[in-house]
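A.B. asks: We have chain Y already, so just place chain W on it with the hints.
2 protein chains.
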Amino acid sequence: MASLRTLYAADGNPPELRTNMNVDFVINYKIPSEATVEAEAGFTQLIQALTKAGLASEVRRGVDHTSVLVFVKVASEKYLKSRIYRERVQDWLYGVRIKTPEKDVDKIFEQEPIVDAERLRLVYLLLTNPKNEGGAGITPKTGQWKYVESIFPLHNHAFNRKWIKQWSSKYVLNEEDVDQIRNQFGEKVAFYFAFLQSYFSFLVFPAAFGFASWLILGQYSWLYALVNSLWSVVFFEYWKKKELDLAVQWGVRGVSRIQLPRTAFQWDHEDADPVTGEAVKVYSTKKRLQTQLLQVPFAFICLLILGALYLFCFSVEIFIGEIYNGPFKSYLTFLPTIILTGLVPTLSTILGNLAEQLTEAENYETHDAHDAALTQKIFVVNFITSYTPYSFTAEKISSSEELTTQNFQINPDRLRTQVIYFTVTAQIVNFALEAVVPILKRKVFKKVKEVQTEFAHKNEKGDVVPADAPEEAAFLARVRNEAELDVYDVATDYREMVVQFGYLSLFSAIWPLAPVSFLINNWVELRSDAMKIAISSKRPIPWRADSIGPWLNALGFLSWFGSLVSSAIVFMFSGDSNGPGGEPSSITGWALLLTVLCAEHLYLAVQFAVRYGLNQMHSPGMHKERAERFQMRRNILAETMDNDVETKPLPDIPTGEKITRAALEEEARQASIRGHGTPEEAFWQRQQGMDETISIGRSLISKMAAANKTAKA
Amino acid sequence: MASLRTLYAADGNPPELRTNMNVDFVINYKIPSEATVEAEAGFTQLIQALTKAGLASEVRRGVDHTSVLVFVKVASEKYLKSRIYRERVQDWLYGVRIKTPEKDVDKIFEQEPIVDAERLRLVYLLLTNPKNEGGAGITPKTGQWKYVESIFPLHNHAFNRKWIKQWSSKYVLNEEDVDQIRNQFGEKVAFYFAFLQSYFSFLVFPAAFGFASWLILGQYSWLYALVNSLWSVVFFEYWKKKELDLAVQWGVRGVSRIQLPRTAFQWDHEDADPVTGEAVKVYSTKKRLQTQLLQVPFAFICLLILGALYLFCFSVEIFIGEIYNGPFKSYLTFLPTIILTGLVPTLSTILGNLAEQLTEAENYETHDAHDAALTQKIFVVNFITSYTPYSFTAEKISSSEELTTQNFQINPDRLRTQVIYFTVTAQIVNFALEAVVPILKRKVFKKVKEVQTEFAHKNEKGDVVPADAPEEAAFLARVRNEAELDVYDVATDYREMVVQFGYLSLFSAIWPLAPVSFLINNWVELRSDAMKIAISSKRPIPWRADSIGPWLNALGFLSWFGSLVSSAIVFMFSGDSNGPGGEPSSITGWALLLTVLCAEHLYLAVQFAVRYGLNQMHSPGMHKERAERFQMRRNILAETMDNDVETKPLPDIPTGEKITRAALEEEARQASIRGHGTPEEAFWQRQQGMDETISIGRSLISKMAAANKTAKA
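As they're listed, the protein sequences go chains Y and W.
Just so we're aligned, residue 176 is where the first sequence starts under the numbering used here, counting upward by one.
Just so we're aligned, residue 176 is where the second sequence starts under the numbering used here, counting upward by one.
Looking at chain Y on its own, in the form it has when it is part of the complex (with noise of 0.2 Å):
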C-alpha cells in the first residue's frame, strides 16, 4: 500500500488508477486448497447466480494462488436505471422523499443524475438480495457461499487523490466536502465526517475557554464546569438539529424506517404477516430475550477484568512509588503506564470480539437492529475501559482522605495526570494503532506471501497457471492490492469520538487543557480518517444513514452524566487542601448530594431551554422540506379539485338557492305530494331567500326595540 501512498504523494497517475475498468464490484472467491471441487462447484453456481441477477462477469487470477477475482458489472444499464427508479419510488411511498417521481423515466434521471454512492448501493442490493427480490442471494462466507471472501467496489483513485490533496491544504472543511463524501461512499460514511466537522468547529470554543482557564482559574474551577457542561449541551442539541438538516438536504429523511434485513438472521419458523398475508420469518421473542439478558453477566465480566486490571495498575503504582525502594526505582515507575497501554486496547478488542458474538447470538432482522444493539455494548465496554480508572482514584482519595493532609494534597494531582495521559499519550497510542500499525502489519504479511509464493515457484517446473494479460496485469494488480486491504468500520471511528467526548465532558475539568489537545487531535483525525478510507481500507459500501443512529443517545447519556461528575469532581476538589475535607464526613456527603442534585437538574432546565431556542431558528433543510412539501400539496389539491364536485358555494345564485324560479316550483311540487310536508320543509320555508330573511329580521329587531322603548318608558 506504501506505494499508493508514494504515488499519491509524487502527484503520478499511472494509467491503473485513471480507470476502474467499468467495474462495479470485485468478488475475491476463495480456492482452498483441500476443498477445489466443492469451491469450483460453488464457483458455477456463483457465475449462474450472478447472471440470472442481470449481472456481467469475468474472472481472473486472484490474489495468490489460493483465489479467483471475478469482475462484475450490471449487464444492462436500463436495468439498473429501473431499480434505481423503483427504489426512488419506493422512498416517495416511505416519506423520506416528498416530491412525487416523474411518470417520466428519463426526465427524472435528467432532474437528479445517479450518483456513484446510489449506483454501487444498488448493484450491491442486487448481488446480496436473496433470490425471490430479484438478487443473487450472496452472502459471502455463509452458507452455500462460504468461499465467497469478500465483495467490495473499487475504489475511484481519481477521486481520492484530489480529496486528500485538498483536506491537507485546507483548514476548514466545508458542506461541500461532506456533500462530495456522501456522492462517492455514501450517507453512513458523509454523516461520520459531517459530525468530526461540526464537533471539531465546536471544540474551539472549550478549547479557547480551557486555555484561559487554565492561565486564570486554575484545575477544579467551578466556572469551566458550568460552561463546559451548557457547551456540550448546546453542541448535543445542535448536533441533533444538524443532523435532521444534513438528513433533509440528502434527501435520506426517515430512511431508517424502510429495513434492510440481516441475511445472517435465522428464523424458527414462517408465519404469514397478519397486515400483509406475506411470509415472514419468526425469530421467537422469549428466545431473544434469554439471551439479551447474558448482557448483564458481560458487563459484570467487563467491569471485573478490567476493574482487576486497574486495581493491579493502581497497587503496583503505590508500592513502587510509596514503599519501593530497590534499584531502577526511576524506570518501573513507568511500570502501570506500560502494563495499561498494552493490554487495555488488547482486551478492549477482546471484549468487543465478545460483544459482536453475544450481538450475534441475539439474532436481530434487520441491520439497523443489530448495529444498534452492538453500538449499545460496545458504548458500555468503552465506557468502563475509559471511565472506571478515575473512579479508583477518586475512590483512593476518598479512603486515605483521613490518613495524613499530606497524601490528600498529592490526590488531585494524580487525577490530573491520569488524564493527561488518557488525553495525550492515549489518543498518540490510538493514533499509531490505527494509521502506522496496519501498514506496518500488511507489509509483513506480503513480505511473508511474496517468500512463499517464491518458494512455490522454485520447486515447480514452469508456472501453470497463465500470467495476466499485460494490458491489464498493472490494473489487476492495484486490485489485487486492494483486495487485501482492511474494511472501514464507521463504528471505530465514532466510538473514539464518542469517549472522547465523554472525557471532556466527564473529566475536562480536572485539566482544562484537555478540550486543546482534543481540537488538536481531532483536526488530525478529520485527516488520517479520510487516509484511512482512501488508502488504507476498502472502498466501503455506500449505505444511507438518516442519523448518527444510536450513538447519539451515548453522545446524549455522556453529556447528562457529565453534569453529575463534572459537579462531583470539582465540589470536592475544588477548594484548597483545607477545604471542604476538613469538615465532617456527614456534611460533605450532604453537600455534595446537593450539589449533584442541583447540577442535574440545572443540566435538565439548560437543555429544555436550548432545545426550545434552537427549535425557534431558521433550518435550511425544513425550509427546503416545507417548500416541497407545499409545493406537492397545491399540486395535487389542484389535480384532485378537477373533479365533478361543486367548488364554488352557488356560483350563479348569489342570493340562495331557495329563490330561483326553479327552486320554488320544485318545492311547490314536493309540498303538493306531501300534503303541507314536513315540519322541517315548513320550518325552513317561512322566509323564502337572503332578502325576505332580512326585510323579516329587520321588522323583528325594530318592533323588539319599539317594545323595549315602552317597557322602560
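Treat the hints with caution; some may be incorrect.
[Stated by the list, open to error] Straight-line Cα separation of at most 27 Å, BS3-like style, residue types lysine-lysine; simulated pairs:
1) Y/884 / W/316
2) Y/253 / Y/274
3) W/227 / Y/316
4) W/621 / Y/884
5) Y/205 / Y/504
6) W/316 / Y/462
7) Y/799 / W/274
8) W/622 / Y/799
No lab work stands behind these hints: they were computed from the structure.
Treat the numbers as computed from the prediction; the structure is a model and nothing was measured.
C.D. replies: Same frame as chain Y, now just chain W:
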C-alpha cells in the same frame, strides 16, 4: 333546564326534542336597545355573509326582547360534500389519512359516511373561516360581529337521552361508548372521556392496594409509595400508547399538524412567505416574548396571594387550636376550612381569568399554540392552589420539630387531615359547584328575567312582537333554552383530573385511602360530565384532536415530581416518632437527599423499561395503520411499475446479454469504428458470456490447485 332533566327521567319524548328542523347552527344575535340601528345594519350584513358562503338562513325572535335567533343550514348538500371531500384530501396530504382518497366522490361517502361531528365541524368552519377561504368570516363578539353573541349547534336529544340512560345503568364503559361520543361531539371531547375511562379503570389497582395498605401497612408506607409511583409510570406510558392508538383508529393521527388560525390573532404587518409566496400575517416574536415574560411576575403573584391565604389560615388554625380558649372553640376550629373552601375556588377563578387575558395578550397565531400556553398557565395556578398547602404543613413540621416531641407527633396527623380534606371534602364541594350551582344560578336568572319580562309586558299595551307560530313554538322555546346554557369547556374537566392525578402521585402515601375516594369520585364524574354536556351546556363544537394535548406534559411532570415528593414524605414521616427525627439534622438532610436522588433515578429507569416493554406490545391502531400503509404502497407501486421501465433483468437472454448475436455484431461494429476498442471494452470482451466465464474460471481453479499441489510436494 330542570324541565329537560325531568323529561329525560320521565321517558317523555315530546315532539320538540325529536327534530332539529335540519338546523345546523343557531346564531344568537343581540339587539342592544342602545344601538338598535347599528345592530340592524349588522344583521343585514350577517345574512348576506351567510348567503354568500352558501348557507341558508331563517330568523326568529330571540331569547327575550333583546336578541334574534338566526337558524343556519347548508343550502346545498352537494357543496358541503365537496368541502368535506376537500378536507379529506387535505388530511391525506398531511399524512393524517393513509388511504389515498378515491377519485369517485360518491364512493368515498359510501365507504365512509359523514358523521354528525364532521358535518357540524365543516359547517362551523364555513361560518367562521375568513372570506378569502370561502367562509362567512364571522367572529363572535369581536369587531364587525360584536353583536353575534354565540354560534352553537343544537343538541341531538334523541342521542343524549339514550346516552345518559345507557351510562347510568352500566358500570364499565367500552370503546363503543367513546366512539359514539366521537361521532356526536368530536374527537376533542371523546379524548377526554377516553382518558377519564382509562384513568378510572387504572385506578382500581391503587384503590385496592391502597385499601390493603391502609389495613396492613398503615400510612407513610415505603411499599405503598413505591407501588404507587410505579403505577403512575405505567399509567402514563399506557395512556401515551392508547392515545396514539385511538388517534389512528379515529383517523386523526397527526391532525394537530393542520393548524387552525385564530381569528382573534392581531398582526403587525403582512409579509410574503419565502416558501409559498402567499401573504403571511406576522407578529413580532420580540413583542410576544416580552408579553410571555409577564408569566414570571404572574406566577409570583399567584404564589404570593395563595401563600398569604394559606399562611393566614394556618395561623388562625394554630391560634384557635393551641392558644385560644374562649367560647365556641369547637365551632371556630372549622373557620380555616370554611375560609379556604370559600376563597380558594374564587381565587382560582380570578387567577384563571388573569391567565386567559395574559394568553390573549400573547397573541398566538393558532388555536393549538393558544391552548397550550393557556393550559400551561392554568396548570401553574392549579399546581400552586392545590399543592402548596402541603409544603406549609411540612415546613411547619420541620421548624417545630425541635420544639417538643409531643408537637412533632401530632403533625403527620395534620398532614393526613389535610389530604382527607382535599381528596374527599374538596371533591364533593367541587361536584356541587360544578353540577348544582349552575342549575340554581340559571333558575334564579330565569325567574328574574321572567319577572322583568312580565313587568315589561305589563307596561306596554299589547305585544308588538309577533308570537311564535304554534307548530314551532315548542321547538323555539327549546332552542331559546339551549341558547342560554353555558359553553362546555373540556379544559376545566381535564384540569380537575390532572390535579387529582397529582394528589395521587404526590401525596397519597400520606393517606392510602385516597385512591379509593378518587375511584368513587371518578365513577360519578364520568356520568356527571356526560350530564353536564347533555343537559347543562350548549352542544360543543366538534373539534378534532389527536391527543389530550398539553395536559399530557402536565401528567408526565406530576408523575415525575411525585417520585421526588412522595419519597421525601415517606422518608420524613415513615419512622415512628423517635425515628429519623431523633438523629442530628445533618444526617437526616444527607439521607433525605440521597433518598430523593435514588427515587428520581429509579423512577427514570423504570419509565425507560416500561416504555420499552409497552413498545413491544401489540397495538390495534398501529396494526391498522401498518395494514393501510402496506395496501397503499402496493397499489401505488403496482401502478408506477406499469411504466416503460424494464422490470425483469434480462427476460429472454438467460445466459447473459453479451453472447446474443445482435450484441456480438454490435460489439464488432463498435470495435471496428474505434480500432481495438477502449481498454474497458477489451477487459469485458475477454470472456464472452456466462458459459465462457465459467469454463475459464474452472480451468484457472484447477490449474491453481495443481500448482499448489506441486508446491506442497
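A.B. asks: Evaluate each hint against the coordinates.
C.D. replies: Hints and how they fare:
At roughly 24 Å between alpha-carbon atoms, residue 884 of chain Y and residue 316 of chain W fall within 27 Å of each other, so this suggested pair holds. Between the alpha carbons of residue 253 of chain Y and residue 274 of chain Y the distance comes to roughly 23 Å, so the proposed pair stays at or under 27 Å and holds. Our distance criterion of 27 Å between C-alpha atoms is broken by residue 227 of chain W and residue 316 of chain Y, whose separation comes to about 74 Å. A hinted pair counts as satisfied when its Cα atoms are at most 27 Å apart, and residue 621 of chain W with residue 884 of chain Y qualifies at roughly 22 Å.
The hinted pair formed by residue 205 of chain Y and residue 504 of chain Y fails the criterion: a straight-line CA distance of about 54 Å is larger than 27 Å. For the given pair, residue 316 of chain W sits about 65 Å from residue 462 of chain Y by alpha-carbon distance, which is inconsistent with the 27 Å threshold. A hinted pair counts as satisfied when its Cα atoms are at most 27 Å apart, and residue 799 of chain Y with residue 274 of chain W qualifies at roughly 26 Å. Between residue 622 of chain W and residue 799 of chain Y the CA atoms are separated by roughly 63 Å; this puts the pair beyond 27 Å, and the hint is violated.
Checked against the numbered hints above, the structure breaks hints 3, 5, 6, 8 and satisfies the rest.
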